[in-house]
Amino acid sequence: MKTKQVLAASLALLLTGAIAACSGDDSGGGGGQDKPTNCTNTIPKPDAPVVTLWAWYPNTQLVVDNFNKAHDDVQVCWTNAGAGGDEYDKFQTAITAGKGAPDVVMLEADRIATFQIQKALVDLTDKGYQDVKANFSEGAWKDLSVGSGVYGAPIDGGPMGMIYRKDVFDKYKITPPTTWAEYETAAQKVKDAGGPLFGDFPANQPAYVTALLYQNGAQPFTYDPANKGEISIKLNDDASKKVLDYWAGLVKKGLVGKQDQFTPEYIAGVIGGKYGTYLSAAWAPGYLQGAGVGKGADAKVWATAPLPQWDPANPVSVNWGGSAFSVTSQAKDPALAAKVAFGVYADDASLKDGWENQIIFPLNLKVLKDPAFIDAKVGFFDGQQANKEVYVPAANAYKGMTYTPIGQYFYTAFTKQIAAINDGSKTGSEAADALQEDVVKYATEQGLTVK
Amino acid sequence: MTASTTGAVQTRKRRRRTNARQNLIGWLFVGPFGIVFLALLVLPICYALYLSLYQKTLMAGTTFAGFDNYLKAFDDPSFLKGVWFVIRFSLVLIPIQMIISLAIALILDEVTSRFARFSRLMIFLPYAIPTVIGALMWGFLYSRNFGPIADVFGAFGAAGPDLLSTNMIFYGLLNVVTWQWAGYYMIILYAALQGIDPTLYEAARIDGASRWQIIFRIKIRLLTPALVLILVFALIGTLQFFNEPKIIQQLAAGAIPDDFTPNMYAYQQAFTLANSNYSSTISFALGAVVFICVYVFMLATRKRGNFMS
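Residue numbers (the UniProt record's numbering), protein chains in the order written: chain E, 1 to 451; chain R, 1 to 309.
What the hints contain is simulated information worked out from the structure, not anything from laboratory work. Note that the Cβ used here is the ideal one computed from N, Cα and C, for glycine as well. Hints should not be assumed to be uniformly reliable.
[What the hints assert, rightly or not] Which bits of chain R does chain E cover? Going by a derived footprint, with three or more residues having C-beta under 8 Å, they are:
hint, segment
1, 137-149
2, 165-175
3, 245-255
4, 272-282
5, 286-300
[Stated by the list, open to error] List time: in silico BS3-like cross-link candidates among lysine-lysine, alpha-carbon distance up to 27 Å:
hint, chain 1, residue 1, chain 2, residue 2
6, R, Lys56, E, Lys234
7, E, Lys45, E, Lys352
8, E, Lys191, E, Lys252
9, E, Lys173, E, Lys252
10, E, Lys119, E, Lys142
11, R, Lys56, E, Lys90
12, E, Lys119, R, Lys81
13, E, Lys191, E, Lys171
14, R, Lys56, R, Lys81
15, E, Lys300, E, Lys191
16, E, Lys441, R, Lys246
17, E, Lys366, E, Lys339
18, E, Lys451, R, Lys72
19, E, Lys352, E, Lys300
20, E, Lys127, E, Lys69
21, R, Lys72, E, Lys441
22, E, Lys127, E, Lys451
23, E, Lys352, E, Lys295
24, E, Lys234, R, Lys72
25, E, Lys228, E, Lys127
26, E, Lys191, E, Lys295
27, E, Lys377, E, Lys173
28, E, Lys99, R, Lys56
29, E, Lys127, E, Lys339
30, E, Lys388, E, Lys166
31, R, Lys246, E, Lys90
32, R, Lys72, R, Lys56
33, E, Lys441, R, Lys56
34, E, Lys451, E, Lys133
35, E, Lys142, E, Lys189
36, E, Lys234, E, Lys295
37, R, Lys56, E, Lys451
38, E, Lys234, E, Lys166
39, E, Lys228, E, Lys119
40, R, Lys81, E, Lys441
All chains, full assembly: derive it from the sequences and hints.
Shown next, in the form of structure tokens:
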């Protein structure tokens with residue numbers, strides 16, 4: 001009897017101990033440790049101080065290895081925390097928790113203001129920015145700046161162009177349209193003849209639609225932290241309404257798709273010849289090829305041309321996507337982290353690997369002026385000199401955008417309105433008004449003064 | 001006399017000591033559960049309640065707000081629309097699920113062959129498939145470019161419905177959830193049916209009851225407790241709808257916005273918009289809605305039960 005009781009009691013104690021041990025083990029965050037052990041890469045020089053990095057590009061392993069080989073005073077420990085939204089959610093959680101963020105994080109330019117306002121990023125103006133300032137264009141820096149501070153080291157950009165199918169254009173006897181009016185006419189002509197759709201209006205890519213608004217001279221946001229929480233929001237001005245009404249018209253006439261992008265469904269449509277054009281950025285060929293486009297029946301049919309314009313006399317270049325390395329305010333040694341941010345993906349070998357395999361469109365002027373890059377014949381475009389004809393001029397003409405500190409909310413709200421345009425429940429103008437109201441309301445709730 | 005008194009006192013003392021020791025052992029047995037219960041359920045709930053009383057904004061930081069967040073939640077179109085959606089969804093989904101699972105359970109109870117056993121397993125199988133995989137799979141089956149539904153409609157020269165579009169997503173999700181859960185509810189009902197004493201059927205047959213009369217007058221009557229149980233499970237699960245829409249959102253972001261259901265809205269507030277305070281408020285508000293719905297339902301079925309008996 002007694003033995004049984006003792007046994008039971010000790011078992012209970014043991015269990016309790018085991019559970020307590022489980023719950024006590026929460027010190028695994030990346031930022032809290034002195035020597036991170038969960039790196040994806042192997043660190044060749046274990047004695048040097050280590051900087052942790054989150055990045056998702058497919059050749060990051062090579063890029064990190066290049067950096068670690070070339071540096072004795074610092075080593076990079078890399079983790080892939082997910083691409084885009086997944087990584088931002090994790091980073092956001094780490095910011096809220098106050099620990100667990102890496103020293104250096106890869107961010108798309110349009111997210112920087114969102115994290116900057118939460119004081120999650122370190123200003124790099126006095127941490128090596130001056131030394132590399134001349135390596136990048138003004139537009140590239142403007143994209144990564146909030147007010148007078150610079151919060152990222154540029155990696156790549158997404159100058160936009162119009163990717164199209166030569167075979168479709170030949171068959172229906174059209175030349176690449178240079179204005180949006182011509183674009184619609186061509187789309188109608190192809191549709192009437194039973195041809196494919198002319199592009200797509202995806203609800204899940206608000207950043208792309210925002211770029212289209214910018215192209216017509218819209219300035220959705222003006223924001224400078226120096227003005228103590230003042231922001232101007234103009235999402236329903238005439239320029240924005242004109243663009244959204246134009247696209248709502250294309251949707252209504254059935255000239256464009258209404259499909260979310262970066263989904264198997266969209267890619268299946270592209271491969272299946274459902275789309276005659278793809279308005280996208282310079283990184284698109286890499287993405288499309290990775291997804292299997294241009295390898296079967298649609299090999300050698302793709303070409304690219306400059307994006308159609310609203311006013312051909314004053315062409316405007318816009319950008320979609322592109323990333324930077326930012327130093328987080330949880331970095332143990334911000335100066336060292338800044339060195340990594342500016343140094344990773346900045347060496348010639350890494351950049352060459354990036355652009356040759358079409359993983360990135362580099363922003364480094366060294367590459368943009370390099371004849372090998374400019375004159376490169378792109379395999380996906382059947383040997384077309386895409387950089388020279390389309391993307392380098394677009395990148396050079398790009399002036400940069402001002403992004404909003406409430407970017408996450410803005411994109412969510414915009415997705416809803418694009419969906420409303422697509423299902424026909426709102427016109428472009430109505431969607432713009434609803435978007436303006438929604439975003440202004442949120443900004444006011446967040447304590448921003450809306451001008 | 002004296003001796004016996006001392007003896008009684010000692011016995012009482014000993015008994016008290018035994019009681020104390022037994023109590024201690026009892027607590028030790030409850031301990032593991034108690035600690036887990038406190039640490040992983042009670043404490044987080046208290047912490048969430050505490051969080052929900054504060055307000056966090058980008059500019060002003062965190063301030064005490066009292067019940068302002070709750071007032072805001074019950075005036076927030078995103079939250080209210082989400083609640084309305086899950087209620088509508090429950091009203092359509094639960095009857096469909098119950099009828100299907102009840103019908104299958106009754107058929108399987110009638111038929112005893114190897115085929116019946118095989119069917120039972122096959123119908124239960126979807127429940128064994130993880131929700132994430134089930135949702136992804138249906139997302140692909142709904143595809144208009146490579147899904148079989150489009151092919152079937154194509155064979156008749158018609159365009160298949162886009163079950164991932166804004167107007168049709170309700171039915172798309174309805175199908176996924178029914179497919180996933182009907183088998184599980186069927187097993188519960190089937191087990192309850194197997195527990196019914198067969199002599200009842202025999203007696204009914206002797207009294208001249210037909211097969212249908214046995215089903216409606218005996219089987220379904222005796223299944224009522226199991227049906228109520230299923231209903232409560234389904235109601236709570238559906239009001240907390242999250243997994244399926246969150247997964248299918250990857251394929252249909254336009255049709256499933258971030259505030260599609262209250263739970264998704266809470267997730268967005270916490271992990272995308274960095275507002276764990278408002279997220280906690282929404283979770284509690286949803287908890288209140290679930291509580292009210294279940295309470296109303298229990299009240300209704302209790303009355304119904306009285307009426308029936």
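Against the structure, the hints:
1. 137-149: holds (count 5)
2. 165-175: holds (count 3)
3. 245-255: As far as the segment 245-255 of chain R goes, the hint holds, because 6 residues have Cβ atoms under 8 Å from chain E.
4. 272-282: That given contact holds, which follows from 4 residues of the segment 272-282 of chain R lying within Cβ reach (below 8 Å) of chain E.
5. 286-300: This one is violated; 0 residues, fewer than the three required, reach chain E with a Cβ under 8 Å.
6. Lys56(R) with Lys234(E): holds (25 Å)
7. Lys45(E) with Lys352(E): holds (25 Å)
8. Lys191(E) with Lys252(E): Holds, at about 13 Å.
9. Lys173(E) with Lys252(E): Distance ~24 Å between Lys173(E) and Lys252(E) Cα, so the pair holds.
10. Lys119(E) with Lys142(E): holds (19 Å)
11. Lys56(R) with Lys90(E): Given that 27 Å is the threshold and the Cα spacing comes to 19 Å, the pair holds.
12. Lys119(E) with Lys81(R): Roughly 33 Å separates the two Cα atoms, so the pair is violated.
13. Lys191(E) with Lys171(E): holds (12 Å)
14. Lys56(R) with Lys81(R): Measuring from Cα to Cα gives roughly 23 Å; hence the hint holds.
15. Lys300(E) with Lys191(E): holds (23 Å)
16. Lys441(E) with Lys246(R): Distance of about 26 Å is within 27 Å: holds.
17. Lys366(E) with Lys339(E): Given pair Lys366(E), Lys339(E) holds - Cα atoms ~19 Å apart, limit 27 Å.
18. Lys451(E) with Lys72(R): holds (24 Å)
19. Lys352(E) with Lys300(E): Cα-Cα ~24 Å, so holds.
20. Lys127(E) with Lys69(E): Since the Cα atoms of Lys127(E) and Lys69(E) sit roughly 23 Å apart, the hinted pair holds (cutoff 27 Å).
21. Lys72(R) with Lys441(E): holds (13 Å)
22. Lys127(E) with Lys451(E): violated (33 Å)
23. Lys352(E) with Lys295(E): Holds, because 23 Å separates the two Cα atoms, which is no more than 27 Å.
24. Lys234(E) with Lys72(R): holds (26 Å)
25. Lys228(E) with Lys127(E): The given pair, whose Cα atoms are some 24 Å apart, holds under the 27 Å limit.
26. Lys191(E) with Lys295(E): holds (26 Å)
27. Lys377(E) with Lys173(E): Satisfied, since the Cα-Cα distance of roughly 25 Å is no more than 27 Å.
28. Lys99(E) with Lys56(R): The given pair, whose Cα atoms are some 19 Å apart, holds under the 27 Å limit.
29. Lys127(E) with Lys339(E): Roughly 8 Å between the alpha carbons, so the hint for Lys127(E) and Lys339(E) holds.
30. Lys388(E) with Lys166(E): Measuring from Cα to Cα gives roughly 19 Å; hence the hint holds.
31. Lys246(R) with Lys90(E): With a Cα-Cα distance of about 17 Å, the restraint between Lys246(R) and Lys90(E) holds, given a limit of 27 Å.
32. Lys72(R) with Lys56(R): holds (13 Å)
33. Lys441(E) with Lys56(R): holds (15 Å)
34. Lys451(E) with Lys133(E): Judged against 27 Å, a Cα distance of about 32 Å means the pair is violated.
35. Lys142(E) with Lys189(E): Violated. Lys142(E) to Lys189(E) sits at ~40 Å, over the 27 Å cutoff.
36. Lys234(E) with Lys295(E): Roughly 43 Å between the alpha carbons, so the hint for Lys234(E) and Lys295(E) is violated.
37. Lys56(R) with Lys451(E): holds (22 Å)
38. Lys234(E) with Lys166(E): Status violated; Cα separation ~38 Å.
39. Lys228(E) with Lys119(E): Given that 27 Å is the threshold and the Cα spacing comes to 14 Å, the pair holds.
40. Lys81(R) with Lys441(E): Distance ~18 Å between Lys81(R) and Lys441(E) Cα, so the pair holds.
Checked against the numbered hints above, the structure violates hints 5, 12, 22, 34, 35, 36, 38; every other hint is satisfied.
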